[in-house]
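Chains as they are written, first to last, in this note's numbering: chain W, 3 to 235; chain R, 47 to 279; chain X, 16 to 413.
Please note: incorrect hints may appear among the correct ones.
Stated by the list, open to error - Once the Cα atoms are required to be at most 30 angstroms apart in a straight line, the calculated DSSO-like pairs of lysine-lysine come out as:
id : chain 1 : residue 1 : chain 2 : residue 2
1  : X       : K85       : W       : K62
2  : W       : K129      : X       : K85
3  : X       : K80       : X       : K138
4  : W       : K176      : X       : K19
5  : W       : K129      : W       : K78
6  : R       : K212      : X       : K405
7  : X       : K80       : W       : K176
8  : X       : K125      : W       : K78
9  : X       : K53       : X       : K228
10 : X       : K85       : X       : K19
11 : W       : K62       : W       : K234
12 : R       : K107      : X       : K405
13 : W       : K145      : X       : K85
14 : X       : K80       : W       : K51
15 : W       : K56       : X       : K238
16 : X       : K125      : R       : K187
17 : W       : K234      : X       : K125
18 : W       : K229      : X       : K85
19 : X       : K80       : W       : K229
20 : R       : K167      : X       : K19
21 : X       : K400      : R       : K107
22 : X       : K228      : X       : K238
Hint data in this document are derived by calculation from the structure and do not stem from the laboratory.
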Amino acid sequence: MKKLALILLLAAHVQADDATTLLTRSDTYRNPLASFAIDVELTSHDGAKAETSKFRVYGKGSDRSVVEFLAPAAEKGRFLLMLRDAMWIYMPSASRPIRISPLQRLMGQASNGDVARTSFSVDYLAKSAIEDGGAWVLELEAKDPSLSYKRVRLWIDRTTSEPLRAEFYVASGKLLKRAHYRKYGVMAGRRTITDIEIEDVLRPGRRTLMHYANLVARDNSDKMFTKDSLGKW
Amino acid sequence: MTTHNVVQLTAIEKAYRLGRINVQALSNVSLEVAGGDFIALAGPSGSGKTTLLNLIGCIDKPDHGRVLVDGVDVTAVPLHRLADTRREVLGFVFQTFNLIPVLTAWENVEVPLLMRGMPRKERSARVARWLEQVGLAAQAKQRPDQLSGGQRQRVAIARAMAGDPKLVIADEPTANLDSETGTRILDLLTDINRTSGCTFVFSTHDPALIARVARVVHIRDGRIMPSERSIAA
Amino acid sequence: MLIKLALRNIFRNRRRSAITLAVIVFGAVGIILFGGYKAVTFAGLRESTIRRIGHVQVFGAGSAKAESQKPLEYGLENAAALRQTIERDPRVRTTAAQITLMGLISNGDKSETYLATAVEPAKDREMRGHRLISGTELPDGELDAVLLGRGLATSMNVKPGDYVTLLTTTVTGSLNAMDARVAGTIATGVKEYDDRAVKMPIDGAQQLLQTHKIEKLLVFLNKTEDTAAVDETLRKNAAIETKSWSQLASFYHQVVLLYNGIFGFLGLIVFGTVVFSVANTIVMSIFERTREIGTLLAIGTTRGRVWRMFFLEGLLIGVIGGIIGIVAGVSLAQLINSGNVMLPPPPGYTTGYRLQILMQTQVLMTAFTIAVMTSTLSAILPALKASRMKIVDALGHI
Numbered sequence: 003m004k005k006l007a008l009i010l011l012l013a014a015h016v017q018a019d020d021a022t023t024l025l026t027r028s029d030t031y032r033n034p035l036a037s038f039a040i041d042v043e044l045t046s047h048d049g050a051k052a053e054t055s056k057f058r059v060y061g062k063g064s065d066r067s068v069v070e071f072l073a074p075a076a077e078k079g080r081f082l083l084m085l086r087d088a089m090w091i092y093m094p095s096a097s098r099p100i101r102i103s104p105l106q107r108l109m110g111q112a113s114n115g116d117v118a119r120t121s122f123s124v125d126y127l128a129k130s131a132i133e134d135g136g137a138w139v140l141e142l143e144a145k146d147p148s149l150s151y152k153r154v155r156l157w158i159d160r161t162t163s164e165p166l167r168a169e170f171y172v173a174s175g176k177l178l179k180r181a182h183y184r185k186y187g188v189m190a191g192r193r194t195i196t197d198i199e200i201e202d203v204l205r206p207g208r209r210t211l212m213h214y215a216n217l218v219a220r221d222n223s224d225k226m227f228t229k230d231s232l233g234k235w
Numbered sequence: 047m048t049t050h051n052v053v054q055l056t057a058i059e060k061a062y063r064l065g066r067i068n069v070q071a072l073s074n075v076s077l078e079v080a081g082g083d084f085i086a087l088a089g090p091s092g093s094g095k096t097t098l099l100n101l102i103g104c105i106d107k108p109d110h111g112r113v114l115v116d117g118v119d120v121t122a123v124p125l126h127r128l129a130d131t132r133r134e135v136l137g138f139v140f141q142t143f144n145l146i147p148v149l150t151a152w153e154n155v156e157v158p159l160l161m162r163g164m165p166r167k168e169r170s171a172r173v174a175r176w177l178e179q180v181g182l183a184a185q186a187k188q189r190p191d192q193l194s195g196g197q198r199q200r201v202a203i204a205r206a207m208a209g210d211p212k213l214v215i216a217d218e219p220t221a222n223l224d225s226e227t228g229t230r231i232l233d234l235l236t237d238i239n240r241t242s243g244c245t246f247v248f249s250t251h252d253p254a255l256i257a258r259v260a261r262v263v264h265i266r267d268g269r270i271m272p273s274e275r276s277i278a279a
Numbered sequence: 016m017l018i019k020l021a022l023r024n025i026f027r028n029r030r031r032s033a034i035t036l037a038v039i040v041f042g043a044v045g046i047i048l049f050g051g052y053k054a055v056t057f058a059g060l061r062e063s064t065i066r067r068i069g070h071v072q073v074f075g076a077g078s079a080k081a082e083s084q085k086p087l088e089y090g091l092e093n094a095a096a097l098r099q100t101i102e103r104d105p106r107v108r109t110t111a112a113q114i115t116l117m118g119l120i121s122n123g124d125k126s127e128t129y130l131a132t133a134v135e136p137a138k139d140r141e142m143r144g145h146r147l148i149s150g151t152e153l154p155d156g157e158l159d160a161v162l163l164g165r166g167l168a169t170s171m172n173v174k175p176g177d178y179v180t181l182l183t184t185t186v187t188g189s190l191n192a193m194d195a196r197v198a199g200t201i202a203t204g205v206k207e208y209d210d211r212a213v214k215m216p217i218d219g220a221q222q223l224l225q226t227h228k229i230e231k232l233l234v235f236l237n238k239t240e241d242t243a244a245v246d247e248t249l250r251k252n253a254a255i256e257t258k259s260w261s262q263l264a265s266f267y268h269q270v271v272l273l274y275n276g277i278f279g280f281l282g283l284i285v286f287g288t289v290v291f292s293v294a295n296t297i298v299m300s301i302f303e304r305t306r307e308i309g310t311l312l313a314i315g316t317t318r319g320r321v322w323r324m325f326f327l328e329g330l331l332i333g334v335i336g337g338i339i340g341i342v343a344g345v346s347l348a349q350l351i352n353s354g355n356v357m358l359p360p361p362p363g364y365t366t367g368y369r370l371q372i373l374m375q376t377q378v379l380m381t382a383f384t385i386a387v388m389t390s391t392l393s394a395i396l397p398a399l400k401a402s403r404m405k406i407v408d409a410l411g412h413i
């Protein structure tokens with residue numbers, strides 16, 4: 003708290019290590035639990051059309067999660083395993099989980115997974131922070147070249163460090179997605195982001211709304227996050 | 047001239063199947079032909095004289111009995127193995143001349159000599175000699191279709207004699223010739239028989255030929271009839 | 016002597032022999048013309064295939080077997096040095112670098128998957144692997160110009176001058192996107208390909224993929240016959256793997272198989288016709304010469320010799336027919352080649368082409384051999400029957 007106040011009182015342009023602190027702070031508004039389960043409702047808007055999907059996400063740390071598809075009925079029973087460098091999908095009609103290449107992550111719901119991540123500070127380096135009105139603008143750079151988005155620009159509230167919005171850039175510098183952190187609520191005793199709106203910059207008119215609820219702590223075993231376990235528990 | 051028999055037939059039986067009927071061509075026929083003989087087998091058509099001649103000529107087999115040609119028992123030998131005998135020991139003259147139409151007179155006479163593998167010089171000498179002897183030296187290069195019936199038969203005789211056979215089989219040699227030509231042919235044959243000592247066996251119903259031969263064997267219905275004339279020396 | 020006899024017997028019945036010879040000649044000419052046409056077609060298809068894919072393709076070691084999750088994991092590093100070494104071989108005409116990649120292409124409203132071939136524009140133009148439908152070919156020096164397959168351009172609703180965005184994942188698995196100007200639209204003749212195809216400059220692709228590697232090197236030779244030798248030379252380099260054009264040209268092999276199948280079938284029909292025709296002639300000839308055969312057997316000709324006589328007739332008719340057939344075939348081929356017989360355009364092409372027959376010694380030899388073989392074969396059984404005639408019956412034959 004004290005440190006944060008100090009930072010805020012200093013000059014507008016802040017050094018990298020301080021930017022890191024800001025980033026770490028902003029991350030606390032995301033999922034605070036190390037091992038958890040959360041409900042996600044996702045609505046895709048494409049012009050006038052809207053489609054809703056429901057999932058239950060089980061996570062451990064910031065780099066492992068399993069997504070259980072609950073609705074619509076066509077997708078119910080599917081599972082998605084998201085690890086740091088690989089992704090698998092399990093469908094009840096298939097006997098084995100199928101590995102999804104990074105290319106395939108461009109399409110479908112997997113692309114949202116990269117954007118609605120639980121933490122930035124683990125994967126991204128905060129290079130700098132600039133004041134912009136009531137917000138800090140953090141420039142983030144991917145620590146690992148295998149991450150989908152090479153650069154992220156994150157706006158956080160100047161006072162509270164609550165994430166406001168983020169822009170996601172690819173290697174060539176082109177902007178592909180924008181995330182708006184619309185609503186906050188209380189989950190697991192903390193103030194956290196409950197609603198995110200994701201914009202597809204390449205296809206204006208396409209928006210995805212993600213709503214989080216029922217965050218509970220759950221003791222997820224490591225074994226759960228292996229492809230052989232998919233669909234068996 | 048030896049006195050050993052050139053031909054010896056003993057108790058010959060031969061039958062033919064005509065549809066479902068068995069025709070007995072020869073019954074219990076025995077015959078001896080000595081070297082140098084000039085013999086006619088006489089009888090009406092169907093009497094069996096041609097069959098008898100065929101047996102002597104080693105181009106047919108009896109059902110029962112023994113056939114000895116030049117002292118060799120040929121009864122049990124399969125016909126195709128008797129080709130050697132026919133080539134070396136026998137000579138054939140046919141009613142229908144049976145020359146090879148695509149060959150010249152010279153070449154026709156040459157055929158049996160070629161088959162014996164005779165060297166060219168000897169062949170030429172023999173062919174020339176025999177063509178001369180039958181009076182056709184000038185027609186050596188002509189093909190059968192350019193020769194008269196009498197001339198063709200002479201070529202056939204030259205062919206039969208070229209290999210110096212022990213026995214000449216002639217089936218109705220004058221039947222296809224006019225009487226004058228026929229007489230001339232007979233003269234030729236008699237001449238040859240006298241000068242070379244070659245044995246001649248004819249089958250005929252020509253009374254002119256019958257009158258000229260030293261010995262006649264009458265055949266009727268497959269049996270030998272007792273003859274009016276006895277065997278000449 | 017037997018040969019003289021056989022020849023004279025063949026020409027005994029001029030008309031019948033002429034017809035039989037005609038059948039053999041017809042068969043031989045058919046083989047020569049069809050064989051030559053097939054050869055021309057194969058050569059043409061082979062060379063146009065090679066023009067598109069190179070004589071030998073060079074890949075990074077391990078790329079054939081490995082399953083890579085990331086593009087160009089087994090790509091070629093230091094391509095420039097490798098190319099220099101390869102191009103020093105006097106048998107090599109030139110090399111062309113390529114990368115294939117895929118991803119999503121977007122026009123702002125919708126996206127489709129694309130399959131891109133990244134090429135060196137100048138080299139690609141030489142390869143003539145596509146037909147330009149609208150716009151221009153890829154210009155040199157412009158990294159972000161692309162050519163779209165006809166179907167893809169339609170579905171993206173773009174024309175030359177419009178812009179599209181290409182998305183893909185980089186060699187590290189990260190996402191990348193690039194705005195590209197549509198320089199032109201192309202067609203390859205394969206609709207499924209044109210619905211997804213993109214051609215782009217290789218440096219543009221390298222930037223998109225964030226790499227200096229290339230996927231493969233197409234090696235073009237001066238003479239196709241050198242392919243096997245050059246392939247072997249290249250394989251000595253442990254850092255690379257090679258594939259010769261033959262291993263890659265499945266369409267070519269399918270066409271070869273198809274044509275060979277068709278012509279093989281036709282050949283069989285020709286074969287059957289000739290066999291029956293010659294056999295018929297010989298059987299008739301034997302029938303007519305029954306008494307003659309009887310006579311020969313009677314005067315002491317062995318069965319073997321009689322068989323040989325007729326066999327020789329069959330053989331000689333085949334030889335004569337074969338020779339006439341070759342002469343006729345070659346003459347006819349030359350006539351056709353100098354003429355202007357036009358064939359309709361094959362699938363994917365717009366213009367027809369002149370009918371040409373390729374003369375190959377092998378085809379001529381095949382035609383001759385088949386002529387002789389069929390005649391000889393057809394003579395065997397009839398000759399055997401002739402040799403086994405019963406003398407007495409034969410002599411009594413009219």
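Hint-by-hint comparison with the structure:
1. The hinted pair formed by K85/X and K62/W meets the criterion: a straight-line CA distance of about 26 angstroms does not exceed 30 angstroms.
2. About 28 angstroms separates the Cα atoms of K129/W and K85/X, which keeps this hinted pair within 30 angstroms; it holds.
3. Note on K80/X and K138/X: the hinted pairing holds, with a Cα-Cα distance of about 28 angstroms set against a maximum of 30 angstroms.
4. Of the pairs offered as hints, the one joining K176/W and K19/X is violated, with about 92 angstroms between alpha carbons and a cut-off of 30 angstroms exceeded.
5. For the suggested pair K129/W and K78/W, the alpha carbons sit about 41 angstroms apart, so the restraint of at most 30 angstroms is broken.
6. A C-alpha spacing of about 24 angstroms is found between K212/R and K405/X, which places the hinted pair at or below 30 angstroms, so the restraint holds.
7. Between K80/X and K176/W the alpha-carbon distance is near 35 angstroms, which puts this suggested pair outside the 30 angstroms criterion.
8. About 27 angstroms separates the Cα atoms of K125/X and K78/W, which keeps this hinted pair within 30 angstroms; it holds.
9. For the suggested pair K53/X and K228/X, the alpha carbons sit about 41 angstroms apart, so the restraint of at most 30 angstroms is broken.
10. This hinted pair does not check out: K85/X and K19/X have alpha carbons roughly 79 angstroms apart, beyond 30 angstroms.
11. Straight-line distance between C-alpha atoms of K62/W and K234/W comes to about 18 angstroms, which keeps the hinted pair within the 30 angstroms bound.
12. Straight-line distance between C-alpha atoms of K107/R and K405/X comes to about 11 angstroms, which keeps the hinted pair within the 30 angstroms bound.
13. Our distance criterion of 30 angstroms between C-alpha atoms is met by K145/W and K85/X, whose separation comes to about 18 angstroms.
14. Taking the CA atoms of K80/X and K51/W, the gap is about 45 angstroms. The hint is violated against a cut of 30 angstroms.
15. The straight-line distance between the Cα atoms of K56/W and K238/X is roughly 63 angstroms, outside the 30 angstroms bound, and the hint therefore fails.
16. With a C-alpha separation of about 99 angstroms, the suggested pairing of K125/X with K187/R is violated against the 30 angstroms cut-off.
17. A hinted pair counts as satisfied when its Cα atoms are at most 30 angstroms apart, and K234/W with K125/X does not qualify at roughly 37 angstroms.
18. Annotation: proposed proximity of K229/W to K85/X holds, straight-line Cα distance about 19 angstroms (limit 30 angstroms).
19. Between K80/X and K229/W, the direct Cα distance comes to roughly 23 angstroms. Compliance with the 30 angstroms bound is thereby established for this hinted pair.
20. A hinted pair counts as satisfied when its Cα atoms are at most 30 angstroms apart, and K167/R with K19/X qualifies at roughly 19 angstroms.
21. Between the alpha carbons of K400/X and K107/R the distance comes to roughly 20 angstroms, so the proposed pair stays at or under 30 angstroms and holds.
22. Taking the CA atoms of K228/X and K238/X, the gap is about 29 angstroms. The hint holds against a cut of 30 angstroms.
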